[in-house]
Every structure is written in structure tokens, then in C-alpha cells.
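**Q** If you read the protein sequences in the order shown, they are chains A and B. Following the working numbering, the numbering of the first sequence begins with 1 at its first residue and continues without gaps. Following the working numbering, the numbering of the second sequence begins with 436 at its first residue and continues without gaps.
Since the hints were made in silico from the structure, they are not lab data. This one's a predicted model, so the numbers in the text were calculated from it and none came from an experiment. Any given hint could turn out to be false.
Stated by the list, open to error - Calculated cross-link-like contacts (lysine-lysine; reagent style BS3-like; alpha-carbon spacing at most 25 Å):
{"hint": "1", "chain 1": "B", "residue 1": "K563", "chain 2": "B", "residue 2": "K522"}
{"hint": "2", "chain 1": "A", "residue 1": "K19", "chain 2": "B", "residue 2": "K524"}
{"hint": "3", "chain 1": "B", "residue 1": "K562", "chain 2": "A", "residue 2": "K19"}
{"hint": "4", "chain 1": "A", "residue 1": "K19", "chain 2": "B", "residue 2": "K563"}
{"hint": "5", "chain 1": "B", "residue 1": "K562", "chain 2": "B", "residue 2": "K524"}
{"hint": "6", "chain 1": "B", "residue 1": "K562", "chain 2": "B", "residue 2": "K540"}
{"hint": "7", "chain 1": "B", "residue 1": "K540", "chain 2": "A", "residue 2": "K3"}
{"hint": "8", "chain 1": "A", "residue 1": "K93", "chain 2": "A", "residue 2": "K80"}
{"hint": "9", "chain 1": "B", "residue 1": "K521", "chain 2": "A", "residue 2": "K3"}
{"hint": "10", "chain 1": "A", "residue 1": "K19", "chain 2": "B", "residue 2": "K521"}
{"hint": "11", "chain 1": "B", "residue 1": "K563", "chain 2": "B", "residue 2": "K521"}
{"hint": "12", "chain 1": "A", "residue 1": "K3", "chain 2": "B", "residue 2": "K500"}
{"hint": "13", "chain 1": "B", "residue 1": "K562", "chain 2": "B", "residue 2": "K521"}
{"hint": "14", "chain 1": "A", "residue 1": "K3", "chain 2": "B", "residue 2": "K522"}
{"hint": "15", "chain 1": "B", "residue 1": "K732", "chain 2": "B", "residue 2": "K693"}
{"hint": "16", "chain 1": "B", "residue 1": "K524", "chain 2": "A", "residue 2": "K3"}
{"hint": "17", "chain 1": "A", "residue 1": "K3", "chain 2": "B", "residue 2": "K563"}
{"hint": "18", "chain 1": "B", "residue 1": "K658", "chain 2": "B", "residue 2": "K687"}
{"hint": "19", "chain 1": "A", "residue 1": "K19", "chain 2": "B", "residue 2": "K522"}
{"hint": "20", "chain 1": "B", "residue 1": "K569", "chain 2": "B", "residue 2": "K521"}
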Amino acid sequence: MNKLRLIIAREYMSIVGRKSFIFLTLGMPLLFIFIMAVPIGLAWLNDKGSDTQQIAVIDETGRYAAALKSDDMYNFVAIKGDTVTNAREFYDKANGSLDAIIIIPRDVDSTGVVNIFSEGTITPALVSSVRNVLSDTIETAHLTAMGIPNIQEMVDKAHVDVDVRSITWSEAGDEQESSTEAAMGLGLMLSIFTYMFVLMYGAMIMNSVIEEKTNRIVEVVVSSCRPFQLMLGKIIGVGLVGLTQMAIWIVLLVVVAMVAGSAFGIGNVSPDAVSPEALASAKDMGAMEAIVRDTLSINYTPIIVGFILYFIGGYLLYSSLFAGLGSAVDQPSDSSQFTTPVILIMLIAFYAGMACMDNPSGPTAVWCSIIPFTSPVVMMIRLPFGVPFWQLALSLGLLFGTALAITWLAARIYRRGILHYGKKASFADLFKWMK
Amino acid sequence: MAYLDINNVVKRYEGHTALNGVSMQVEQGTIYGLLGPNGAGKSTLIRIINRILAADEGTVTLNGKQMTDDDITHIGYLPEERGLYKKMKVGDHIVYLGRLKGMTKADAVASMHWWLDRFDLKEWENKKVENLSKGMQQKVQFIGTVIHRPPLLIFDEPFSGFDPVNAEQLKVEILALRDQGSTILFSTHNMASVEEVCQQITLLNHAQVVLTGSVDEVKQQHKKNIIAVQTPDTIEPNPELFTMLPPDPVKKQDTRIKLTQGVNVRDAINWLNEHYRLTGFTEVLPSMNEIFIETVKSKNTENNE
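Just chain B, with the same shape it has in the complex:
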């Protein structure tokens, strides 16, 4: 039984359908990537999970139970478009967000101190939010999201606006939260970060799920049977086994070959090894970025036909 189970959710607005029968299952203690181009319906789905919007059809269950309004205390949500009350003091603000999520004042204050300490923001506790740099405000927003230690965390583009150093710190914190048992739903355009942190993904396009599975599975499904070969020799094509590809624009020293349909990697490498001096080889798996672009583009052409 998945921790968060979204089953056939439909959401219609005047004139268009934002979600058309979307299902996905998020296992406890994993980081789940929710991907998709702008307008695919990610934000709508996230708002439905947060109970900001109501689904027209379908169900959302959390830990096996139909979600109710009370469940929002079990969720920490960092929206893509986020902000803070500029005139509030940092400490008061974090405590306010914690108490809105149902914490007692004492718990919220203790937790606030712990997190401010962890992010080196201790001396800012009594400063107004407007005096903080943008990066520091982002950290305060993050603390406000996790202060009540929710079992389910939803991050919408968490790294946008962070410099690489702070983004790295944030990534470490997110992984630590996962290791402590939190389930994390992660919505982003940043495919590099998906490969780094997500175990499972779902790709939404035009209100529907177009791709779902673990990151490894998806990559295997989308591999093009390309092998990068390192050799001092010049390889001639052998159409029975492989054809030649132009070199990779970045790794120019590699020779890239594409295996002919039905040929397995071992046979091709054995043959190459007999005829050339191989120093190394790697199977080229597509990046999530390539898969994303390819899937979205092909679905769009299908829709247009």
C-alpha cells in the first residue's frame, strides 16, 4: 500500500481540464519526482493534495485513509511562488507557520531555534524578514515548511532562487529528511536534480500521466542502444552489428556506435575487442532531460495529428 495514493483524479475548470484521470503511488520514505512542462497540471495536483483545491473526481488517500482537512497538518508544502510577511520577525514568522500546522507554542519555539541554528541564522531571529537577503529568506521558507516535522513534504521547485552552495545545503537537508522517514514529493523542471535525488518519477503532460516509474527503469526503457567506445583506432561501421554516430559534442574523444536492432552489447563488444584496441566502453543512457524533452515532444505531435 503506497503512503500517498492518488487515484484517477480529475479536475476541470471552465473551458479546460487541468487533470484528466491522474493516478500515482508514492512509497513511504522515498523522494518522488513530479515532472512536466508548464501548464501540465502539476500545481493543480499539488494543490489538490494540499486540499487547497477539491478534485472533481477520484480519490487521494494518505497512509491508507481518505484525506480530510485535518491531514494538512501532516504535510509541509513549499510552493513555487512563495513569500513571507515582510514586516514579521524571522523567529515569530517561523513559529506562526508551525502553530498554524497545529504545533504548541513551546514546541514551535524549540523547533525554530533548532532549525535557525542548523542554517546559521541564529542572529537573525529578531530581525524583520525584509532585512534578510533573498537566499536567507528562502532558507526561512524552507524552515517554515519543515518545522512541524511532517511525514509528507511537497516541494515545488525548491532550488529556484538558491545559489549552488545553498542549493547543495538544501539537498543535503532534503535527503536527511528522507532518511528520517519523510516522504517527499518533488516537483521541478530541473532534470539534473531529479537524477540526483529522486527514486521514482511521474511525468505529466496535457493533464495526463505520460510516463511513470523508477528513474533507472525509465532510463532503461528509453536507452537507444548507444555505446561510447574509447580506442586509439578508427572504427569502421559493421552494419550487421552497429552503425556509426557522430561524436558526442562534449566528449569528442569517444567514438559512438549504435547497435543494430537485436544485437546485444556483449556480442558487439566482443567483436570490437577482436578487431580494435579497446581501452574502455560505456553504455550511454539518456539523461532525464532528454527523456523529458523526447516524451513531451512525441506526445505533442501525437495530439496534433
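So that you can see chain A by itself, here it is in the shape it has in the complex:
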């Protein structure tokens, strides 16, 4: 037990103390922010850098041109003109000083069609902005034309977004309001977390095994402890590294969220920030509240307990597989012949999880959440919706039974593999070593 602790401590320190670990742990969120921020920043620069576009508006109805308001990006100029035929002439006469011409035809009220002409590119932003403004304006004009007083208020009142709430009955008979969306989101998040964790740190274990083998320290170490202790120490040590890394990321995420939140908070206090956008987002507050309410309504205890159990089981299962397979190769470049099938199984598990999202009680979902190799991912999707106890018990029993069996077999392969040099081992060799 003492030796196991030593091995875990060494494994942990050897990774956490590495510069690359610190760099990756701190750099990853920055990279993430960078990836998210760059397109936004570039788009902003793109808009800011471009000149204001001169757009002529030929309004054959004479009623709607005024609705298009000029801003930094577009300067709308209403033109007194009658027909489409002289639009081209007009454009040419402008001699490049015009970027586009919008023609609002006389029959726009019945057809709802508006044309934009240009020799250059017509940006999607211009199209959507014109569409939004004119749709609203023409709709309002139609309503007004009906001559019914307060029609706008009546329409607003009649507008309904149906809020579907799902209520599940527990066996005890009480009602539990839950939101499928929030539950689905949580399940998906935990499922992806398990998947990513096992894949990332499984590979790390494998590299650590291969490294010990290639630098030939392994024979010295196994003359001081049992190979099984070394393997288990690695699995636990790397697992702790993973949890450390995740913890740092979560803390960073919370800090960033708080900083960002307070930054926006200050923005709201300043008087000139009361823009239409701010008002619009205030309207969305109702939706936000609903999400918060839904999130709170989920019963977390079974999900968290389930997550911990499936996470441990899944990690043990796959990491010992990686350790056993890693011991059979001499150098990392040879490892793919063994890792490919494992990664394939994991991919299947991941896709099964995705497929089961729409119907978490369907037969595929049920079976995949019981089969040990897929259950850690799939059950996390199902868990927030409630899973019958017998399925949970069977699935966990199978998962831990298989995980222990695989660990045992992997240890047998490992014991032989770490001292096997030279000829590349095949799957047939691995089966021989298991005996």
C-alpha cells in the first residue's frame, strides 16, 4: 500500500511538474477564448474598416423608403424615380459612387418582394437588415390599413409562445416538474466530459507506460514492486492529474464568467448603455428565468452519484485497457494498431449516446446503457430522465465487473509486455500473455 502511494505520487508529480502540463492547463482556456474571440473580433474589424455604403432607394410606393434609417454602415438615399428600367442607367450615371440600389416595387404590398441591385457583392447583413425593417414596416402598415383601433395591442396580446413543462410522477406519487431541455443539456455535458476525460488521460497513461519501457527504467521498478502496483499506481496517478486539470479549468471558467459578468454589469449602469439591444435582452430575462428554474428543478443527487460511479468505472475500464496495450509496444508510433479498436469502441459509445438523446427510453438507449463499454457515456444521457432501478443496478454491476476483469487481464498483459522488447507484439501474443 505504501509502495502504491509512492508510485502514485511520483506519477502525479512527474506530469504536474512538467512545464508542458502547466502550459497546457493555463493555455487551453486561453486558446479556447482566442478561438471564440477571433471571428467576432475580425468581423468587428471588418465592419469598422469598411466605408459606409451608399445605397440608393427607389420607392415606387413612396411610403416605405423612410423606414430605412442610415447608420455607420449604410447610407440610404431615397431617389425620386419611377421604374426599374432606369435603375441601371442611374447606377451607371453615379459612376461608382453608389454601392447598391434598392427598389421597392409598387405591388410590394401584395407580393412582398423587394429587389437589391449591385455590381459588387450584396452582403447578407444588408439583405437581412432590409428584410427585417421592411417586413415590420409593411406589416404595421397593413394592420393600420384595416382601420381597427388599437389593432397593434390586440395582435401583441394574441401572440403566444407555448411553454411546455414536463411533470414526472415519482413512485411515491408526488409530482416533480422537470425540464427535458435542461436535463438533456446536463446529461450531454457529463457524457462528453466522461468521454473526453477517458480519451485524453487514457492516452496519457499509455504514453507513460511506453516511456518507462523505452527508457528501460521499468525492470528496476518491477524488481521493487509488483507490476500490478505499478500499473494501478499509474492509472490512479494520471486520474488524479486529470481531476486536477479539470478542477483548474472549472475554477478558471468561474473566474472568467465572474469577470465577464461584472464587466457587463458596469456597462449596464452607465446611462448611455440603455440601447435598444439592452432593452431587448431585458425582454429575454423571462426566458433566462425559465432556464434557471428548469436547472434548479432537476434532481441532482442521482445524477451526481451516478456520474461519479460511471466515471470511475469507465475510467478504470478504458485506462487499464490503454495501460495493457501500451505495455505491448516499444515506441509510441507503434501503438496505433492497438489503440484504433479501443478508440473505435469509444466512438461507438459516443454516437450511441447522441442517438439516444431524442428517446432516452428506447431499446438502443437501454441496451447501450447496460453494455459496459458504452454505458458510461450512454447512461449519463439517460440518467437525468430517470432510469428504472433494475437497469441501473444491472448496468453498474456489469460495468464494475467488466472493469475489474479487464484490469486483471490488462495486468497480466502488462506483466509480460513491459519486459518484451524487439519483435512487435500482435493481438495473438496478447492473448497468449493473458493465460
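Position chain B relative to chain A; hints supplied.
**A** Only chain B this time, still in chain A's reference frame:
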């Protein structure tokens, strides 16, 4: 009762037998040479003693008791293919190996300092292993093997990779450890070092013991009754007593004679002394190298027949 007693050990792999009934007895406080060509089964035997592998048959006893997993703390093992964690600091690495062998942290640190001092590696304690030269890494490996002062030491090709100066230092350390009571099992191809340090040897070939005994005994058993004679005269053969041999390629000035079966050295020398002006003579004993090659070759021919 031998300190390390290996009794009829058998180890089979799929398709071949690595050890076929091997026995040997290592006395306490001696250096014991385990010899044999590549693939003879030396590494397998060493791994069985280290409990890295399990024997299929036979027993290994240490100090009169059947070995268990706990006994590995009494062994220090320097494998032939050895390495270190490149990214670890020298001091931490040695302490880690010591603690794996069951030392307390304080003991391991004290012992590490003592050994680093002894090998002039003090200023390297906080450097990473990868910054050390190959020779220095070998020394660190040696320290890692002996740090817990084990009563039984197993060295597999300890001198490979050492320059002559460091090899000499290592030899001195190994002899010092023996004098302090450690029992040393020494596996090598380097027959010169066997003659220098080993008292007893066992030669393995094709999974079996083909030769065993003290170095002196083995040499006596394998002597060819050859005498190197120093004389200014030219000796004529006397078939009743001896035949002439071509001169030794290295010591050309010596005349080499081979005694006829049944003739003892004294009679031959007396006769020579009467007829020629002898200035000196030595009985030529075979080197361990010659014995090794001869034994392995003859056994191989036997097997082929």
C-alpha cells in the same frame, strides 16, 4: 547452508524452455559469476530470483527460507538494460528507488547524500537526470541499486558502458560491498572481470548448467598440461615426456611444451633442467575466456549430434 539456494528451477515459455532444472548455491559474502552465451537463460534466472517472473518448478531459498515477495527489499538489482526517469532530479530519483525498496524518507535521503558524495556527484543532486553524461547516469543507477544496503546484490553486465576509470571505481565499490558482507551475483560476458572478482562461477548454456565450481577449481579442471619455459636454448621434443607447441602469439619468447599423458610437472622440469639452461617456467592455466568458449562449443556439438 548456502545464502541463496536455487534448486532445480524450470521455466517454460510457449515453444521453448528457458531454464531446464537449474541449481546453484551462492555462499554468503562471496561474488558469484553467472556466465553463459546470449539466450542461455541468465536473464530469466535473474528475473526469477527478483520475483519478476515465477518459476514453473523448483525452489529459490534465501537465507534458508523460501523466497516471498517481501524478500525483494533484501535485493538490489542492476539489470543489463537499465535506465532512469530522464525528467526526475538525481536526488529525488535515488530517494524514490530507495523508498520503493522500503526505506524511510529520512534514511533514503541520508544514504543518497552519502553515496553522491562518494561518487563525486554532490553538485548534481538537484539537476535533472537528462543533464548527466552517460557515465554519470550509470553511477546514479548503481547508487539506486545499493542505496538500501541489500544483503544480496545482482549485477547484470555492470561494467558495460563504463570507461576504464569508472569501471575500476565500480569494481572497488563492489569489492567493498562484498567485504561488508553483501552477497553478489554477477552476470557477465566479460571473462576478464570474472577472473578478477568472482570466487565461484556457474556457466549456463541452452537452459542448463554446464559448468560450476570455484574459479581455481575450474581452471585446474581445464588445464591442458602446458608449460611455458624460458630458456636461451632450443628445446628438442622428447615424446616420452612432452611434445612441442607453437609459440604463444603474444609471448613469443616463451617455448611452450605439452606434457605427455601421465607425466607430472616436476619430472618434466627436472629432465629439462638437466639438459638445458632454464631461466624460468610457468604452468599455463586456461583463461576463463578459453574455458567459456571451449565448454560452450563442445556442448553445442554434442547437442547437434
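**Q** Sort out which numbered hints this structure fails and list those numbers smallest first.
**A** none
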